[in-house]
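Student: Please work from the sequences and hints to get the whole structure.
Taking the numbering used here, the leading residue of the sequence shown gets 1201, the next gets one more, and so forth.
Source of the hints: derived by calculation from the structure; they are not laboratory data.
The C-beta atom is built at its ideal place from N, Cα and C for all residues, glycine as well.
Heads up, some of the hints might be wrong.
[To be verified] Ranges of calculated distance between the beta carbons of each label pair, as one might list FRET restraints:
#, residue 1, residue 2, range
1, S1205, L1234, 40 to 48 Å
2, A1221, L1242, 29 to 37 Å
3, P1249, A1221, 34 to 42 Å
4, L1242, M1201, 51 to 59 Å
5, P1249, F1206, 34 to 42 Å
6, P1209, D1247, 50 to 58 Å
7, F1243, I1208, 47 to 55 Å
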Amino acid sequence: MSSLSFLIPIAVLMGIAGLGAFLWSLRNGQYEDLEGAAERMLFENDDKPLGG
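Tutor: Here is the structure:
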């Protein structure tokens, strides 16, 4: 039972940290272009290798 008094505050702090990280990612625009990466992989890369 004494381990619960240690684990519950740790779990609450980890939850708050996860929520803070999620809100930070929302404010910094991490979810603005969700389909861009999926569409970019369909186009051919026109870059030529540098070594001749």
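Student: If a hint holds in the structure, say so; if it does not, say that too.
Tutor: Taking the hints in turn, this is what the structure says about them:
Separated by about 42 Å at the C-beta atoms, S1205 and L1234 satisfy the suggested range of 40 to 48 Å. Taking 29 to 37 Å as the suggested C-beta distance range, the pair A1221 and L1242 conforms, at roughly 31 Å. Under the hint 34 to 42 Å, the C-beta atoms of P1249 and A1221, about 39 Å apart, fit the expected range. In this structure the hint that L1242 and M1201 lie 51 to 59 Å apart at CB holds, the actual value being about 57 Å.
Checking the proposed 34 to 42 Å range against P1249 and F1206 shows it is violated: the Cβ atoms sit about 56 Å from each other. Against the hinted window of 50 to 58 Å, the Cβ-Cβ separation of P1209 and D1247 comes to about 52 Å, which satisfies the hint. Remark: the range hint 47 to 55 Å for F1243 to I1208 is upheld by a beta-carbon distance near 50 Å.
When held up to the earlier numbered hints, the structure conflicts with hint 5 and nothing else.
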